[in-house]
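Residue numbers (our numbering), protein chains in the order written: chain B, 4 to 850; chain C, 1161 to 1612.
Simulated from the structure, these hints should not be mistaken for laboratory data. Each hint should be verified, as a subset may be incorrect.
[Stated by the list, open to error] Lysine-lysine pairs mimicking BS3-like chemistry, simulated, CA-CA at most 25 Å apart: (1) Lys1568(C) - Lys1605(C); (2) Lys1286(C) - Lys73(B); (3) Lys554(B) - Lys194(B); (4) Lys97(B) - Lys112(B); (5) Lys115(B) - Lys1286(C); (6) Lys581(B) - Lys1523(C); (7) Lys194(B) - Lys1373(C); (8) Lys809(B) - Lys73(B); (9) Lys1373(C) - Lys464(B); (10) Lys1281(C) - Lys73(B); (11) Lys1523(C) - Lys1305(C); (12) Lys66(B) - Lys1281(C); (13) Lys464(B) - Lys194(B).
None of these values were measured; they are calculated from a predicted model.
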Amino acid sequence: MPLRYLIPILPLLALLSPSATTPSFQTTVQPFMAKNCFACHNGQMSSGGLNMQTMVADGSVLKNRDEWEKVLKRISSGEMPPKSLPRPNEAELKQVTGWLQAEFDRADKNAKPDPGRVTARRLNRAEYNYTVQDLLGISFEPAADFPQDDAGYGFDNNGDVLSLSTVQMEKYLSAAETVARTAVFGAQSAKPVTARYQPFGRRRPGDFDNLFFNTHPWLSLTNYDESGLMMPNAFHVTHRFPLTGDYVIRATPDNGNRPGGSEPLEMAAFVDGVQVGLTSIDGQLEGKTQEFPVHVTAGEHWVAVGFPRQFEGLPPLYGGKNPSKRPIPAGRGGRGGRGIPGAAPGGGGVLGANGRGRGGAGAANNNDDAANTTFFTPPGAPPGTVLARVDNMGLQSMEIGGPRNADTKPSPESLKKIFICDRTTPGCDRRIVSHLARLAYRRPVTPTEIDRLMAQANRAKLRGDSFEEQIAVAMEAMLVSPSFLFRVEKDPPAKSVEVYRLNDYDLASRLSYFLWSSMPDTELMHAADLGTLHRPEVLNAQVRRMLKDEKIARLVDNFGGQWLQFRALESHVPDFYKFPLWDNYLRMSAVKETELFFGSIIHEDRPITDFLNADYTFANQYLAEFYGLRDVKGPEFRKVSLEGTPRRGLMGQVSVLTASSYGNRTSVVLRGKWILENILNAPPPPPPANVPDLDQAKVGEDATLRQRMEVHRANAVCASCHSKMDPLGFGLDNFDAIGSWRDKDGKSPIDASGALPGGRVFRGPVELATMLSSQRDAFAQCLTEKMMTFALGRGVEPSDRLAVRKITAGVAAGQYKFSSVVLGIVNSTPFQMRRADRTGAQTVAHR
Amino acid sequence: MIVTKKHLSRRTLLRGLGVCAGLPMLDAMIPAFAAPARLGPEKAVRAVFVYAPNGMTMRDWTPATAGADYEMTPILNVFEPFRRDMLVLSGLMDHNGNALGDGGGDHARAGGSFMTGVHPKHTAGKDIHVGISADQVAADAIGNKTRLRSLELGCEDSRTVGNCDSGYSCAYSNSLSWRGPSTPNPPETNPRAVFERLFGSDDITLAPEVRAKRLADRRSILDGVQEQVHSLLGTVGGADRRKMDEYLTAVREVEMRIQTAEKSNVAEVQPGFERPEGIPFEYGAYAKIMFDLAAMALQSDATRIVTIVLGREGSLRTYNEIGVPDGHHPLSHHGNRSDWLDRLSKINQFHTQLFSGFVANLKAAPDGDGTVLDHSMVLYGSGLSDSNRHLHENLPILLFGRGDGSLKPGRHIVYDKPTPMTNLYLTMLDRMDVKAESIGDSTGKVEHLTDL
């Protein structure tokens, strides 16, 4: 409001209410505290480690800003004073929160702006791979063998934490050689090798019954995944292929067979979900290794082997589709007698199924083992009908061998990116080196820098190396240069500058590593060359363009995978015996689901509340079965509606539910903490140093989880945090440790009621999701801080508060669209500016 | 750095190392390997540090009596064959793992302080700071005598997710070895990468002169980047400068390694097993191959300093293969329930069992006038004792080997007065002729390692 309107109003107010003075700390906050807080937060009790009696001086609000920020958050959300105490007067409360917020805002406005200082960042493994790929058009992942990158503040792109060891340096040297030579001369041929995989937690006999026909009673021999991929006998791995070339996928079946009279069984191999080979096996499976020759591009691929249409070609009596036209072998039925006489192959087809589905040489030979066998009862068959097992087929191992005929020519893309001039033109070598160095260093390069690189090329020239050799050596030098390996943002030379705006090149790099985990592309470099990138309209247009580019999938993987922690699934091993449904296929499907979901929120620029309460997701048949969606068929992922299911948003997805569980059980604490940290932006403080023991005897062995947790919270030390974490976690308790629905935990029925930290009560996961999404500003702030940590490569500091608040306000104004978070961050002071720090600089003479 | 020797004949196959058993050899895959690189006539005393995460089931660890004739306990039982090669040390502490006013985060601190004896700075990343670790003090002194100054191995890949422990950077729980106060030496967790580091990954079909050329290129490139980083150093300040210093240090060390490699006139050996393709699925197989690689490195004198982390501090690994489906860390907060303790003890026993294979290999490997084990000091232990209560004292520690006559094993020594772990390190280093004034919180040397 323009000032001139204010002037007449103020005296008027004063007139109307003669006693009102400007509200101050002493007139508003202090009395409120005395009334509502001191009873617990005093010198003696210091509940929650907070003694507010020492926070009564006038300047305390700014001096103890961190504490007061927390106070403001807790009293605004209604979390404090605790429910057991009388509610404060609403008007007073409003006045206090308003005054505190205004005081913070005033302070922030007057504070010297501090954009923070991002430490020079070494490229992490993902960034290294993407950068050399984008720079040189190669397609392998040289950083796969680099030492792991440590994480700080939850992300592995933190400048301070990314250190450089000797081993790392060795890897850089060796990778530089491989990368440069591959780009110039093509990949070095590799000796064919064989990698051998064994099925993940081998399946056991009867698993089919347990896994499918018992847990999925609607599935039958005529209604199942005909691709075979989701069946318990399929086998899935992620394999890294070193080179583009011909490989062989070799699958060896376990002992076993189908009922006598069946037609041959099909076996198929898949790469990235596409069937690449189909064979069939007749009779006994043992020893009948199948080979599938495939041509595969270098890099990681999802490889699977399964038995398609495995319930087809069975003897007609089984009731499967396309029954066998073969006669049932006579003479083998005589010794069984448990099935329908004459009809059941192998005399009842009883297969000795003890020992991991090893059938033995024939049905009839195993009748002695009848007690250990699993029979198949056709659905709708007359009572007492038992037939041979139909699931006695599995895989012992899978091998991937190769490459042969590896593509060892340099890719046309690489050649185009490198050889930009005709080598016979004088100075072409220098032109190439200058061109690549500018891209690799992501900024203009000085003649001295080019000279250094050319010195390497010239050294090669002197010893008589070819033009290509000379270029390759210069490239090697480029790729181990600190200017390539680090993103160094140089302070301006003028010593008087304390805070400065990044130049357009550094801005371009921040942008591209934030959204693409890689170097700026031609367009960004061009905008930087023109010096226009920092202009809001140019910058925003670039951001929108980048969000639409397919490289944005890297943001999902690197930011999303760490924020939502689905990266952890790579090494997460649920208890196989408790969760037999968990296998590599589910693991890969779960990650894919969340990636597609996240990706669609970006592509369609959906509101960020979709993360919390979307009533849609992406699923293949396996996940769909998990989610109770019966009409999704086949291995392809598609968008599905979750209406009518108890799942909403991220917290209904297998990836998040599994990553927030232990391997053998769920934990309301872990899940509650997950929500507080990643959704509500209210991470609980670390547990106290010496946690007192829970008195198990007092709890009793038969207590339900809820009872146990309540005993836990009866302890005052535990209660302060667990009273926030646990009730949130209970809302997801219907999902077990791999995200499958359950009504009971052991013997106890699940009670999925709980409460938000403010005390709002919900029942079950859907209400939890709805209620969380109504806290959209807290979530917007949470997402902003997480993404800012990732975008900047440093932790969010108190000096970033104003920026965060501004971004969050912008997100609300932008209808909570995903792009509004990204644009807010990109346009913020911490992203565009940097604090200078010259300590230690200039101490080494320039050489 | 890959040392490139000409491809080899089998005549020089390194014999006597138990690791050759069980793993088939594919001669096509064996690259050149420059080894037993005794550069001089001096004795080669090795130091190995093996770390087990999440404390120990002390109930099943500590022998009831001190002295020579103690009775083995469930976790130590597997060491009966090595009784005369082993010291059980009780009463050592890692004081700086304690909160000391910093609140929770005992696991991160246990990892960060175990070999440094320094209280890790409580930070999620901005200013990680602890101290130089004992192995690196040794590496600084004697690392230039071998091809690798030290080797850090880990049996838990940690593509890290989230903060590791109560606001502590993951660097503390991932790395036991610290090159400097803010430079962790993260362990290599991929057996193939370790293999290539030890035996080379270069294409053995390359002609010797091509390889020589490549090596010369690397040297020249390293020279070039040093020049560049020097000019950069003048223009950057604050933490950026620290990063450039780190870079420069790494470059210099790689250069030194190339020089050492070029100087050494060494016999050629074969690694004895094929290049591992990746990380085995089963933990037992994973740990075994890492131990085998370490044994190979020690016997061939590729390095004299090895750190092996069986799992990172706070590890959540589940051990289905031995019937323990619980995550290790949650299980370690057992609340003294006996069935939980039993399962935890099973994990501890699994670790000692795997480790005993390594000890056996070192004992079977001839080295000069004795065995590799005779000339080594192999420490096994954890930075927590009872991890249910996060106790950083009375740590479970074993010391194997004779340190070339400087240890008198075969006893259970109980230090009555809480004694810093770093005193033990100082003593070990002393016996390697590495004279350090102090390490972290050390107050002197420990007694009784040779006498009673």
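What's the verdict on Lys115(B) and Lys1286(C), does the C-alpha distance respect the 25 Å limit or exceed it?
Between Lys115(B) and Lys1286(C) the Cα gap is close to 22 Å, so the pair holds against 25 Å.
Could you grab the alpha-carbon distance between Lys1286(C) and Lys73(B) and see if it respects the 25 Å cut-off?
holds, 22 Å
Taken at face value, is the distance from the CA of Lys1305(C) to the CA of Lys1523(C) at most 25 Å?
holds, 23 Å
Pairwise hint evaluation, Lys1605(C) against Lys1568(C), where the allowed Cα distance is 25 Å at most:
holds, 16 Å
Is Lys554(B) within 25 Å of Lys194(B), Cα to Cα?
Violated, because 32 Å separates the two Cα atoms, which is more than 25 Å.
Is it true that the CA of Lys97(B) sits at most 25 Å from the CA of Lys112(B)?
Within the cut-off at roughly 22 Å; holds.
Check whether the Cα positions of Lys464(B) and Lys194(B) lie no farther apart than 25 Å.
Violated, at roughly 31 Å.
Would the pair Lys1373(C) and Lys464(B) pass a check requiring their Cα atoms to be no farther apart than 25 Å?
The hint holds at about 13 Å.
Compare the distance between the alpha carbons of Lys581(B) and Lys1523(C) with 25 Å, and conclude whether the hinted pair is satisfied.
violated, 41 Å
Hinted pair, alpha-carbon criterion (25 Å max): Lys66(B), Lys1281(C). Please report holds or violated.
Given that 25 Å is the threshold and the Cα spacing comes to 24 Å, the pair holds.
Hinted pair, alpha-carbon criterion (25 Å max): Lys809(B), Lys73(B). Please report holds or violated.
holds, 19 Å
Going straight from one Cα to the other, do Lys1281(C) and Lys73(B) come out at no more than 25 Å?
Roughly 24 Å between the alpha carbons, so the hint for Lys1281(C) and Lys73(B) holds.
Of the numbered hints given earlier, the model fails hints 3, 6, 13; all others are met.
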